[in-house]
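Trainee: Residue numbers (this note's numbering), protein chains in the order written: chain A, 1 to 155; chain B, 1001 to 1097.
In case anyone wonders, no lab produced these hints; they're calculated from the structure. Each hint should be verified, as a subset may be incorrect.
Unchecked claim - Taking lysine-lysine and the DSS-like style, the derived pairs with C-alpha atoms no more than 27 angstroms apart in a straight line are:
| # | chain 1 | residue 1 | chain 2 | residue 2 |
| --- | --- | --- | --- | --- |
| 1 | A | K109 | B | K1092 |
| 2 | B | K1092 | A | K71 |
| 3 | A | K71 | B | K1036 |
| 4 | A | K39 | A | K87 |
| 5 | A | K109 | B | K1036 |
Unchecked claim - Over the 12 angstroms line for every Cβ pair with chain B, so calculated as not near, a few chain A residues:
| # | residue |
| --- | --- |
| 6 | G62 |
| 7 | K87 |
| 8 | S134 |
| 9 | T140 |
| 10 | L147 |
All residues carry an ideal CB built from backbone N, CA and C; glycine is no exception.
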Amino acid sequence: MRMCDFVVRESISTELGANTKEGVIREMIENLRQAGYFKGNDSEDVVKEVLRRETLGSTGIGRGVAIPHTKHAGVDRLVGTVALSRKGVAFDSVDGEPVFIFILLISPKERPGDHLRALENVSRHLRDDSFVRSLRQAVTRDSVWGLLDDQEHRS
Amino acid sequence: MRVAMPGNTLRRSITIVNPQGLHMRPITAFVEVAAKFKSRVSLCKQNETPIDGKSPLGLLGLAAEEGAVLELEVDGPDAEQALCALSEILEKPSFDD
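Bound-form chain A, shown alone (with noise of 0.2 angstroms):
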């Protein structure tokens, strides 16, 4: 599984506006709405789920890196979306530290191994220190998306 594979290209957002936790969560979900995703008020939903799971433990899991994620009836596949933050955001991480960049991972239900592939797949991006100072820098969707598809050629 490559991050190429279910991030959606044009949900991107290098540019987060919101600057709480609940509102990271709403702008990420509605950038994958925009792109076409979730029927209904299904984003509503998802937005509640993924709050619900971040009520369980954040999913900030230091370095200035957050993974919230839920997994919903609303999607057959694995889809996912980066955002980043210019100032950081308090995310009661496991090391204290704001957040600053931002993946969301919706899973179907059902499909536990896509989701675990999904975490292992990001976390080998993010352990990689010089992958995560260019993201915190790309100013641009292309060029998020630009380091994605680079990362994938590397590893």
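Take the given structure of chain A and dock chain B to it, following the hints.
Mentor: Just chain B, lined up with the frame of chain A:
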């Protein structure tokens, strides 16, 4: 289940029984508990490179599905307590998510 004890190093093989696999909730729970101990903690799939058990990003790389066998190793002054507490997390059949 297997326990060996050369010096202060303890090891245990654990089979993941959670149908969702070792996803982010058990991993963050594992890291939170591991951080409370002085012992060095590592986790890996059989015959693979050990991963720092106090690194959530590292552990997410395991992608351990139901049925995967993981090798837990702890090394330090509180190894016995750490092995016990960390095994309990890995052996849980479910986590809310």
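Trainee: Does each hint fit the structure? Answer for all of them.
Mentor: Okay, the hints, checked on the actual structure:
The hinted pair formed by K109(A) and K1092(B) meets the criterion: a straight-line CA distance of about 20 angstroms does not exceed 27 angstroms. Taking the CA atoms of K1092(B) and K71(A), the gap is about 20 angstroms. The hint holds against a cut of 27 angstroms. Between the alpha carbons of K71(A) and K1036(B) the distance comes to roughly 31 angstroms, so the proposed pair goes past 27 angstroms and is violated. A distance of roughly 32 angstroms separates the Cα atoms of K39(A) and K87(A); the hinted pair therefore is violated under the 27 angstroms criterion.
Note on K109(A) and K1036(B): the hinted pairing is violated, with a Cα-Cα distance of about 34 angstroms set against a maximum of 27 angstroms. For G62(A), the requirement that its beta carbon stay farther than 12 angstroms from each beta carbon of chain B is not met, with the minimum near 6 angstroms. The claim that K87(A) lies off the interface holds: its Cβ sits roughly 23 angstroms from the closest Cβ of chain B, which is beyond the 12 angstroms cut-off. Every CB of chain B lies more than 12 angstroms from the CB of S134(A), the least distance being 17 angstroms, so the non-interface label holds.
A cut-off of 12 angstroms between C-beta atoms confirms that T140(A) is not in contact with chain B; the least separation is 26 angstroms. Remark: the non-interface label on L147(A) is consistent with the geometry, its nearest Cβ contact in chain B lying 17 angstroms away (cut-off 12 angstroms).
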